[in-house]
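Line order of the protein sequences matches chains A and B.
In this text, residue positions in the first sequence follow this note's numbering: the first is 14, and each later residue adds one.
In this text, residue positions in the second sequence follow this note's numbering: the first is 718, and each later residue adds one.
These aren't lab readings, by the way, just hints derived from the structure by calculation.
Please note: incorrect hints may appear among the correct ones.
What the hints assert, rightly or not - One-sided excerpt, in silico: chain B residues whose CB lies under 8 Å from chain A:
#1 V737
#2 A741
#3 V745
#4 N810
#5 V822
#6 V851
#7 V856
#8 H902
#9 R929
#10 T933
Beta carbons are placed, not taken as given, at the ideal position from N, Cα and C, and that holds for glycine.
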Amino acid sequence: MSASTPQPEPLFIGIQPRLPGAMNRWHWLLRPVPAERMAALRVAVALAALIDIGLVTLPQFAAHFSERGLGGPTAYETRFRAGHQYWSLLRVLPAAWGPGALLALWTAAAVALLIGTRPLISGLVCWTCAVSFWNINPGLCNGGDQIRNALFLGVACARSGAVWRVESVRRTHAGPVLVPGWPAKVLLVQLVCVYVFSGVYKLLSRGWQTGYVMYFVNHDLEWCLTPKLSPYLPVFAHRASAWVAVAWELLFPLLIAFRFTRAAALWLGVAFHVITLFTLEVGHFATYSLAFYALFVPWEKWRRERPGLSRP
Amino acid sequence: MKDAPLPTSHAKSGPLPWLVGLFALWQVAFPVLANLWEFVPRRVTPADHYPELSNTQRWGTFTGIEPAQRASEIAGDVFAFWGEVTGLKQGWNMFTPDFPPHTVVPVAELHFANGTTARVASRFAPADPDRPQVRWPLVHDREFNYEANITMLGWHADEDTVRAKPDVWAKFPDRVRDNNELFAHWLAWKMRTHLTANPGAPEPVEVVMIFRYIPTRLPHEAADAPRRPAFERPAAKWYPGGPRAPGLLALEGFDPVAKRFVPLKAVTQP
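The following block holds chain A by itself, in its conformation from the complex:
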């Protein structure tokens, strides 16, 4: 593109929220974000969901959700006791075919999310199915399921199908596409809370203060996937990994706020989740956490200009 060619106007898609009074100038929350960010998040979340469904859930599905196994619609009634608002569609669907049908629906919705077909509906369907399975057998879950619920809800609200979808708006618009920024900020706050409050609880723990907690985790024959490799690391390295984890978790919001520490902090986060995925039984907590990081990649920088498309 030559310097004299005027930049096409950004196209905004979505409902820009209004806030009362001075809050309407809260740029951090309200400023739109490039549509590519939310589309990338949608794809990452859909891939994490398909891994969760295909690799983690499906192979042991009968064992985990049938009455002959660890599940059944009434297996964990105390989850739904008075005074709480947990719910699951699997409580009302017949035990014979309900779990299978809901998993099939969830899979279809995750595929729809991946290719960007009606992401609001497919995101909400994914969220409904995810919460239903989360509540019907809570023993199978860890914090990754709560992250998963937040991601599905965020992607559904995020106009994540504005680009990178089968019927993309970019077929008719060559310039930048913007979508509301608040869903990205909500998810960012959620990620920050996961890290910071984890760090706070660890900071209060004697085991984390001394660092020996990671020595014992890494040598645990169940929690560690590679316990035979752990003795090759010196004790100090295990302890240091605990201290680095606590410091990084507590400082995460500060580190990503400044340009000169942002990339290093994010790469450390990616490395942390990849390493723990392959060395500890954290499972889908790692995959869904990694999906968050799609938000931070400047995909819009690699936007291709499309000659011949209409420009305002």
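On the provided structure of chain A, position chain B as indicated by the hints.
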């Protein structure tokens, strides 16, 4: 995240942008407030019992001023409501307050009417603790979580700790009762696994969950030092034929202080 300029003209008129704005405000405040509120002590209600008290919430009171305490608890109820309805439950405390210096493996021990026993191990039990195999991530993650949610209850029940805190560990049967569904379904599943693998085998009269503790070499010990001996402790006993008396669960919890099984009353919410 680098943002685009704020397009002030994009907000349309009508109620929808206002509703979206209020929802955005709530969603961005919720995780922060819900996590902070876990540090504000609140009084226990019947809904907080059965099966468990949240392990991240602080319990008690933070002030003697009743309206302030009550207002804080109502706010906590609102956060709990939203977390449960949406699945956005907060509370992030992995590997805290501490991690035990041993691996805890659950074992199902089947007791038959003729006095014989059989054992069904967890798939995660190491065949040889000194030569552990590398495992694939994700594949059995869910089953691992299920077992970990059980064994974590007895993580620190080694002899020294039980002796040092008898008042705490004498209440272990209460923890079994609070989590009776987890215990009972796992034991029933392992029993069925055994019966499927052994066609014609009789149904057991009792199935005992045993926690096997495999000590981890301490940091100052050499990597090839002999491992301290493993030890076992019962955790719960399940009766496949149902409760032994009206008003009881089909599950008993093991008191590691008195070293006996304790019948558990069926959960009845007040």
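So, going through the hints one by one against the coordinates:
1. V737: holds (4 Å)
2. A741: At 4 Å from the nearest chain A Cβ, A741 of chain B passes the 8 Å test, so the hint holds.
3. V745: holds (5 Å)
4. N810: Nearest chain A Cβ about 4 Å off; hint holds.
5. V822: holds (7 Å)
6. V851: This interface hint holds because 5 Å falls under the 8 Å limit.
7. V856: holds (7 Å)
8. H902: Holds, about 5 Å.
9. R929: Status violated, d = 11 Å.
10. T933: Holds: closest Cβ of chain A sits about 5 Å from T933 of chain B, inside 8 Å.
Checked against the numbered hints above, the structure breaks only hint 9 and satisfies the rest.
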